[in-house]
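Participant: So the protein sequences, as listed, match chains E and C.
One point on numbering: in the working numbering, the residue at position 243 of the first sequence is 243, and numbering is uninterrupted.
One point on numbering: in the working numbering, the residue at position 308 of the second sequence is 308, and numbering is uninterrupted.
Heads up, a few of these hints could be off.
Derived Cβ-Cβ restraints for the label pairs, each shown as a range [as the list claims (entries may be wrong)]:
1) C:Gly206 - E:Asp349: 46 to 52 Å
2) E:Ser26 - C:Thr184: 51 to 57 Å
3) C:Ala57 - E:Asp349: 55 to 61 Å
4) E:Arg358 - C:Lys170: 22 to 28 Å
5) E:Leu52 - C:Gly206: 53 to 59 Å
6) C:Glu5 - E:Met109: 50 to 56 Å
7) E:Asn9 - C:Pro182: 46 to 52 Å
Quick caveat, the hints were computed from the structure, so don't treat them as lab data.
Glycine included, each C-beta is placed from N, C-alpha and C at the ideal position.
Protein chains: 2
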Amino acid sequence: MSVAEQIRNIAAEARQASFAMARLSSKVKNELLLDMATALENSAPQIIGENLKDLAAGQQRGLSAAMLDRLMLDEPRIKGMADAIREVAALPDPVGEVTGMWKRPNDLMVGKMRIPLGVVGIIYESRPNVTSDAAVLCLKSGNAVVLRGGSEAIHSNLAIATVLKAELSKRKVPEAALSLIPFTEREGVTEMLKQEEFIDVIIPRGGESLIRFVVQNSKIPVIKHYKGVCHIFVDASADFEMAREIIINAKTQRPGVCNALETLLIHKDAAEKFVPFIYTTLAGLNVELRGDERFRKFAPRAKEATEEDWSAEYLELILACAVVNDMDAAIDHINRYGSLHTESIITGDYGNAQRFIREVNSGVVMVNASTRFSDGNQLGLGAEIGISTTKLHSFGPMGLTDLTTTKFIVYGEGQVRP
Amino acid sequence: MSVAEQIRNIAAEARQASFAMARLSSKVKNELLLDMATALENSAPQIIGENLKDLAAGQQRGLSAAMLDRLMLDEPRIKGMADAIREVAALPDPVGEVTGMWKRPNDLMVGKMRIPLGVVGIIYESRPNVTSDAAVLCLKSGNAVVLRGGSEAIHSNLAIATVLKAELSKRKVPEAALSLIPFTEREGVTEMLKQEEFIDVIIPRGGESLIRFVVQNSKIPVIKHYKGVCHIFVDASADFEMAREIIINAKTQRPGVCNALETLLIHKDAAEKFVPFIYTTLAGLNVELRGDERFRKFAPRAKEATEEDWSAEYLELILACAVVNDMDAAIDHINRYGSLHTESIITGDYGNAQRFIREVNSGVVMVNASTRFSDGNQLGLGAEIGISTTKLHSFGPMGLTDLTTTKFIVYGEGQVRP
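Turn these sequences into a full structure, and let the hints steer you where they fit.
Facilitator: Structural data, given as structure tokens:
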């Protein structure tokens, strides 16, 4: 069988298995996940053995030390993966939840009930822990899952998937409910993306180039985010100390992630006092500031920002800074250059806080808080399956319920339509 | 400017206008819609004049009498369009609704708020009333809308759109919030489907061939349904009189629509009594029955069903009929041949009712009710913008809230991430 045929078979069997997954009770799913966690810990020696093959191949291919570290599995990391599974087992099961019910004039009872999406495809890069993290979120929400990890981690991923699949078959759940595409060629991805008959949604996890490749080649709907160009707007009425603490946190606590601050907007009435203050603070923390003309008037040592800076996702200690006339100008700037990820206003003004919340249409909109909270776990969703900066299906950080949809349920007593 | 450039401009201006639309208060939107309704009525003579051009062209092109009737506008039909607008004005505004709010351990208040999708593209066929029906649903939900109607109705559609746009500009809302693509060539559709930068979702309304064309050519997510192969399963414990009334209603009340019954499944323990009973009833109503072997055992005059019958959307007085061993077999049949549209069980058994509701994963799942209720209006959503048989974003009949998404809103007091 060709690679294309094998991938089609994997997807078709996943679709078939999804019917069985959708019927599993919460109790069975939770027991399954807990057993998967134990099995992973018990299989640590084999998994580490397979991981060594990936590490050796990676060294030969000249992967960077950082890449090799992301790839590496040891006992504590496998324990961490098992604990992450246990956390998912402890989350409430969204499937079967009735999100509303109402009575029609003809006494029909109409409601909406959460059901699994069906088959979820996850395409990811080098970290092998995603294999178990993503798989158990899909299984807990009653879906079948087709995984396609990075080629650098193929031995580790296959070892992890094999351990998890064995727990499925012990409970007579079709093993095809969890599959890992075993081909490392790019064809493995492109063929997977053609299985729109069997896979309901693709969630890519990785860098912008992976995501663009997936979007370009997919016949299946993709839930995606390309980048996070997060803004903080310091209003005229902001508490400057609070603003400083939030900006330091948002820019420097972990600059390499998508919810880190990339552009700072400052109300013109705050500029004279706040610009020198924040410039001194951030420069002292080795942040490179790139300002527009009005910002540099009060911080002459800041670099000059160019048009590209306003849409840059630096992912390092660089911050674009602009002074704006008012909140409307701030919102216009965000609409023009933003990535629909996360924006925060620092303000003491009730009306401006409410208006910012209402009018900024990013996935996460905050008042007086650090953009670093824009994360499924931090927002209270439990484990995060991904983040969406497009508005269809899900918008913002996504948890278990984002792996479900709702169907209408109707209880009648013989009603017919007149 | 080329057609492609003009369409790109229309879409880009719609994106810009969507920011203004998203900020409109419910009050302003409702007043706008009510004025649009009045303006349509007042402009009836001009609209009818333009409609006559379409009718004349249609006659020349040899459109059928049924097609010409769908195209025709007169005073009562324009009054009907105006009344439909008033109904939408009276619906609650989903935008700004907070669907949930919770407190995090660090006292952050986190919630979800409904916001418009942005720019909605509607592609439809000959009925000119869709121009106003779809437009006002999009506007009420705070979206900008780009319409592309059938070429047969181009004069009527332009006349209606012109009247509606005039009301936008009277209120200083950018006219680009409502656009109609003025090109009748197919290029008008294909270029529109490339504007993924500016249009957030495409909703096609029409026959299966239109929808397949849109899906094949769109870079923009499409919310769609191809067909409705709706099932009724008559359980062993069904009240046969109730089953008969529901089946007659579902099959014959309006056979040409997507929520009409197409396949009847009968529990084997009910077959001996129910099959002759329903055969006689339906044959007397000029329904052609096509049965499997076990059905024809008790209804020998029924035609023989072929494999194609199980997935046929007849849209006429034909019904495929099969006898199944039990509810599992019925559900398997639905999973295999169904279209994820609407299924109903007729049963007196509490456990089977609950299990059918839980385990059948179609957009609408019913107990003891006619499939003909599978409609946004009948289910209580108010006006319907369409129906989705794919699970992402919306599943089943769609109303105003399906034209929105939710963003996270976060109220803080200076929290930073440790």
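Participant: Does each hint fit the structure? Answer for all of them.
Facilitator: Against the structure, the hints:
Checked against the hint of 46 to 52 Å, the C-beta distance between Gly206 of chain C and Asp349 of chain E comes to roughly 49 Å, which is consistent with it. Distance hint check: the CB atoms of Ser26 of chain E and Thr184 of chain C are about 54 Å apart, consistent with the given range 51 to 57 Å. Range check, Ala57 of chain C to Asp349 of chain E: Cβ separation about 59 Å, and the 55 to 61 Å hint holds. At roughly 25 Å, the beta carbons of Arg358 of chain E and Lys170 of chain C sit within the given window of 22 to 28 Å.
For the hinted restraint 53 to 59 Å between Leu52 of chain E and Gly206 of chain C, the CB-CB distance of approximately 58 Å keeps it satisfied. About 52 Å separates the C-beta atoms of Glu5 of chain C and Met109 of chain E, a value consistent with the hinted range of 50 to 56 Å. Between Asn9 of chain E and Pro182 of chain C the CB atoms are about 48 Å apart, so this pair conforms to the stated range of 46 to 52 Å.
Going down the numbered hints, you'll see the structure goes against none, and every one checks out.
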